[in-house]
Amino acid sequence: MEARGSRAGVSGGAAGARAAATSSLETSADGRSGNTASGVGQVKEVTIRRTGIQAIGDAPWGTHFCQFYQTREDLVDILVPYFAAGLEDNEFCMWVTSAPLGVDEARKALAGAVKDLDRRIATGQMEIIDYRQWYTKTGGFDADAVLAGWVEKEKEALRRGFEGLRLTGNTFWLDKKDWAGFRDYEAAVNGVIGRHRMIAICTYSLEKCGAPEVFDVVRNHQFALVRQEGRWRIIESGEQGRTEAALRQAEVFEAFFRHSVTPLAFLDKDFNFIRVNEAYAEAGQRDVSEFPGHNHFEFYPSDAKEIFEEVVRTKKPYQVSARPFVYADHPEWGVTYWDWSLVPVLDAEGEVDLLVYSLKDVTESRRVEAVSQQLAALVESSADAIVGKTLDGTIVSWNQAAARLYGYSAAEAVGRHVSMLDAPDHPDDLPEIRERIRKGGRVEYYETVRIAKDGRRIDVSMSVSPIRNAAGEIIGASSIARDITEHKAMENRLRAASLYARTLIEASLDPLVTISPEGKITDVNEATELATGVPRAKLVGSDFSDYFTEPEKARAGYRKVISDGSVRDYALTIRHASGRTTDVLYNATLFRNEAGEVQGVFAAARDVTVRKRMEDQLRAASLYARSLIEVSPDPLVTISHEGKITDVNEATELATGVARQKLVGTDFSDYFTEGDKARAGYRQVISEGFVRDYPLTIRHASGRTMDVLYNAALYKNEAGEVEGVFAAARDVTQRKLAEAELTKYREHLEELVKQRTAELESANKRLEAEIAERERSEAAVRQRTVELEAANRELEAFAYSVSHDLRAPLRSINGFSQALLDDYGPMLDDGGQEYLRRVCGASQRMGQLIDDLLKLSRITRVEMRRERVSLSEAARALASELMQSQPDRRVDFAIEEGVTAYGDGQLLRTAMGNLLDNAWKFTGNRPSARIEFGVRQEKDGPVYYVRDDGAGFDMAYADKLFLPFQRLHSSEEFPGTGVGLATVQRIIQRHGGRIWAEGALGIGATFHFTLSQ
Amino acid sequence: MEARTILLVEDNRDDVDLTLRALKKANIANEVEVAADGAEALDYLFSKCGYGEPKRAPCPAVVLLDLKLPKVDGLEVLRRLRADERTKLLPVVILTSSREERDLVESYRLGANAYVRKPVDFIQFSEAVRQLGLFWLVLNEVPAAYGRPR
Chain A
1 MEARGSRAGV
11 SGGAAGARAA
21 ATSSLETSAD
31 GRSGNTASGV
41 GQVKEVTIRR
51 TGIQAIGDAP
61 WGTHFCQFYQ
71 TREDLVDILV
81 PYFAAGLEDN
91 EFCMWVTSAP
101 LGVDEARKAL
111 AGAVKDLDRR
121 IATGQMEIID
131 YRQWYTKTGG
141 FDADAVLAGW
151 VEKEKEALRR
161 GFEGLRLTGN
171 TFWLDKKDWA
181 GFRDYEAAVN
191 GVIGRHRMIA
201 ICTYSLEKCG
211 APEVFDVVRN
221 HQFALVRQEG
231 RWRIIESGEQ
241 GRTEAALRQA
251 EVFEAFFRHS
261 VTPLAFLDKD
271 FNFIRVNEAY
281 AEAGQRDVSE
291 FPGHNHFEFY
301 PSDAKEIFEE
311 VVRTKKPYQV
321 SARPFVYADH
331 PEWGVTYWDW
341 SLVPVLDAEG
351 EVDLLVYSLK
361 DVTESRRVEA
371 VSQQLAALVE
381 SSADAIVGKT
391 LDGTIVSWNQ
401 AAARLYGYSA
411 AEAVGRHVSM
421 LDAPDHPDDL
431 PEIRERIRKG
441 GRVEYYETVR
451 IAKDGRRIDV
461 SMSVSPIRNA
471 AGEIIGASSI
481 ARDITEHKAM
491 ENRLRAASLY
501 ARTLIEASLD
511 PLVTISPEGK
521 ITDVNEATEL
531 ATGVPRAKLV
541 GSDFSDYFTE
551 PEKARAGYRK
561 VISDGSVRDY
571 ALTIRHASGR
581 TTDVLYNATL
591 FRNEAGEVQG
601 VFAAARDVTV
611 RKRMEDQLRA
621 ASLYARSLIE
631 VSPDPLVTIS
641 HEGKITDVNE
651 ATELATGVAR
661 QKLVGTDFSD
671 YFTEGDKARA
681 GYRQVISEGF
691 VRDYPLTIRH
701 ASGRTMDVLY
711 NAALYKNEAG
721 EVEGVFAAAR
731 DVTQRKLAEA
741 ELTKYREHLE
751 ELVKQRTAEL
761 ESANKRLEAE
771 IAERERSEAA
781 VRQRTVELEA
791 ANRELEAFAY
801 SVSHDLRAPL
811 RSINGFSQAL
821 LDDYGPMLDD
831 GGQEYLRRVC
841 GASQRMGQLI
851 DDLLKLSRIT
861 RVEMRRERVS
871 LSEAARALAS
881 ELMQSQPDRR
891 VDFAIEEGVT
901 AYGDGQLLRT
911 AMGNLLDNAW
921 KFTGNRPSAR
931 IEFGVRQEKD
941 GPVYYVRDDG
951 AGFDMAYADK
961 LFLPFQRLHS
971 SEEFPGTGVG
981 LATVQRIIQR
991 HGGRIWAEGA
1001 LGIGATFHFT
1011 LSQ
Chain B
1 MEARTILLVE
11 DNRDDVDLTL
21 RALKKANIAN
31 EVEVAADGAE
41 ALDYLFSKCG
51 YGEPKRAPCP
61 AVVLLDLKLP
71 KVDGLEVLRR
81 LRADERTKLL
91 PVVILTSSRE
101 ERDLVESYRL
111 GANAYVRKPV
121 DFIQFSEAVR
131 QLGLFWLVLN
141 EVPAAYGRPR
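Read top to bottom, the protein sequences are chains A and B. All residue numbers for the first sequence refer to my numbering, where the first residue is 1 and numbers rise by one. All residue numbers for the second sequence refer to my numbering, where the first residue is 1 and numbers rise by one.
The following block holds chain B by itself, in its conformation from the complex:
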């Protein structure tokens, strides 16, 4: 079985590198695509994903989505993903610095699958990323027709 991709939506270059490092340290070798803003993320996902459609490229196994993003912010990205038939069921994990109650509520209201706060401490951060990868790439199952490569 081909290893599935992760889409990391993150504008902060440092955070991208740290996240990639954390994944690597956790021995998660899956390909990671990076989108630096919300618009790029949407373009990528709408071109890849399609529930029930025989698709050209596999849809990511999970999207790690930051909230504070240039152009189209994270919540808006989530809203559009959920409104579109192609990405309605795509697993999306909010990965953000914010622990504001209203961000949490709004994310879940829009259909986020999980909400993870980035700890300042890299060791904790690495642990968080490791667990995320393990869960979404290994343990979690998605509908067969959805995006698993055939």
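Only chain A is shown next, with the shape it has when bound in the complex:
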């Protein structure tokens, strides 16, 4: 990586560099700088000024001389021509006056020589001021301020376009006691003026100067002017000094060059070495003398040559930073890094004369930087929060773990005060620690609580150490925090667990006790207090053996624990303070601390008083069992591993005819007709654990035999070990006889079963055939249903079309007939008008027919919703409507109360409406009429009826009543389309009912109907 260097100008110092480069001193005529393009020892620009003083003639910028005077005429003599020349040559002039020549006198004197002085003063080229406004402006004399003042004046002069500054200052005001300070000032002036475009004359009154003073003055000025023998002469003491200064300067350069630790080299414009210093030679492990005459890139080939060439081309200096370089002759040194600069020095013609090459090896500092970057990375990647802060607590660094732990990003945290992490209940943590850090101490692993950004409390373990600067001063602190929230939680859990354990101990019903190695009780639980009747406080510290009926046995148990590590079921009896005793079994074990050292004995007792009682009960139970065994009518026997009888009951004695004493100890197989089979049974028990219904025959001592079935099983002791076989026999002699009888019956039974099965199978087949038949018919029904649904849909479409399309032409026929009648009626005769009226009437009737037809079809199509319907109520409502429609008719309605039916309310009301309409209509020409509605119960269910005493009908046509559009009367007699009764029949049929009519002409009609229930 290479940083392009600045291109700052290097005007100054070129001459010195050249001098050092060539190791030859060329004392330049000017010896001063200020000329921007000076070559070596040559003055290109005019720097020589006319002094206006005859004795001096010309002098270059930077000349500083003094005048010793006696009278004011002496001053005028020198200073008037001095300033006249300066003003003429466009210099800025400054005359600081003092006695014996004041400001006004000086001005008057100068005006005599300079015609336009007033103008020049007005334009600011000339300033004549009193010393009090210059040297002692601030009250006393301040050398630095005065010096800076001159330089300021020069700058101002140059800025305003003057060639430079010409000045004079008088020292008449100076007291002897101030002389030493002024002398030093003059020495400084000498140094300063030499580097500036200034010419200065310092005037000294001889009256005020003694010999030492004159000597000092002369030493500090390049020339001194004195009046001798009526004319001014120069004392040239300064030349010697200047030569010495130049020599010393060269020596300094030489020393600097030779002994500088900075590698330096001078190269010509083709990059050949002119001269190198020790440091440069050493860097390449060569000798200084090897270099001159060789090319830089011969020794150190690299791509930097392009940069060198650029410097020669542009004549501008070049700097690089940390540029990598590999020594071609020492590749084993690896890559080195260098900061270097290459500065061109120009000759009088402005061409590159030589190049100054200075270098700095930054390989090591780069390495250090890398290491410190690694360290920074370590800090950054640490799992612990690492925070750096100043002594007053301002955060200066914040690693990622800190960001994770506390929730603030580094950007948020840096610059804030660490107290932002303080928990309100841990407020004093940090000041104490800060104090310790301030004194250079460390704080390690103290636990505290911090507050994260989101307000969460974090338990942390903190270590804090001071941060020191390079000088070893403590400038801050670095804290490392580890989140121990989890750890704390663990501790809390442990504490809880410990509490839990203690609770368990206390809750134990068994007396628990710990005993010290000396046999003293150290801890007890409540159960121990209860068992001994002694409070805990008294128990602790007392001898544990005091509480047993046999203290010696207790101590022996204790010793056994010490020697064996533990005891189990050690029987002791605790004596209660009241004298009551408790039998206990002790389990005890040594207990040790974390280091494994024996701390004592932990003993747990179990109250076995109850167990003992249970054992007694068991014994009693055992006796009881024994007696049961004895009274058993089945021969029972136990047999040992070896097949010997170990126990028998009385039934066994009876079955074998052998006394118990003789049976026990003999081989069990001896008592069966088939001894081998008996032994096989025994082996089966051993291998399988049991046998069931194993048939054997017991032989009685008398020779008689008994058929038995044996059940036998292993029996085990309390420890689960097999003790032998327990066998129980059952006498099956009688059962065997019964079985033989049964077998006979069984054979007959099978015969019967076969016969019955055959019958059942044939019945089954019939059933299957029936089912198949039913399925077929169901499929047919489904098919029919689908067809009917399709037909229904067609019918619906047809009805819709009829409703809309058939009526439209009728409307046209009717409408235009009417229009004809209205508009052209008078043009027709009566016959014509009558015809048109008939056309109108016919179209109206047809409209009515269509409507009725649609109504009928709708009855068939609507979906039925069955419910309980009050027919009486429907009849009453319809009757009242009819009576309102013709209020002048006298009709008596007899409607039976509480007649209900189960069916579709809408449809049933329509049916009732049609029947009552019918009755109303056909009683129309009676002066008074009676219409009845009622129900009667018949054996198939209720039969509803509507009866009237109207026109009636001829029963011969009864079957035509319900056909649509069939009418038994003329329209003139009774209006209608003949659809009403057809509609009623449809409704009744949809309800699964039947309708029929009875009647006689002129008498009346009765309509009966049923509805399925």
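Don't take every hint at face value.
Cβ-Cβ distance ranges computed for the label pairs, FRET-style [unchecked claim]:
id	chain 1	residue 1	chain 2	residue 2	range
1	A	862	B	138	47 to 53 Å
2	A	829	B	83	55 to 61 Å
3	A	861	B	138	36 to 42 Å
4	A	782	B	83	21 to 27 Å
5	B	123	A	862	28 to 34 Å
6	B	140	A	802	29 to 35 Å
7	B	123	A	782	26 to 32 Å
Short, incomplete list of chain A residues facing chain B, as computed with Cβ under 10 Å [to be verified]:
id	residue
8	808
9	817
10	819
11	848
Since the hints were made in silico from the structure, they are not lab data. For each residue, glycine too, the CB sits at the ideal point set by N, CA and C.
Chain B: place on chain A using the hints.
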């Protein structure tokens, strides 16, 4: 005040003439526009009507809409009129031969303002048309911003 128009949507020429005759007989002189199918009716209405919009031509006072129509049937016309902001509030009277329950239900469900069955008898038909005209053209009020001419 300018007399308002009636839009009669009817494909049957006879019914158109009879309706016009009935209106004339009832002394209803309002202009009657006739659309012979549903599409024509929609085009006409969407170009005229606009609730709240300053419109070029006045919207009809009432639409007499037949159900059985070529191209776009009456119920569909009604549905589109109600779905469009411009004609959402337009009074629409269904004037049809059908007395099918499902037509009635569907018409009202879609937002018909009235449902009138055309009687076969011209005298009854004339009476029905007279009453319709009287009601919708004279008695009935519509929102001012809707379509009254300014």
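For this session: Kindly indicate which numbered hints from before are broken by the structure, ordering the numbers from low to high.
Result: 1, 4, 7
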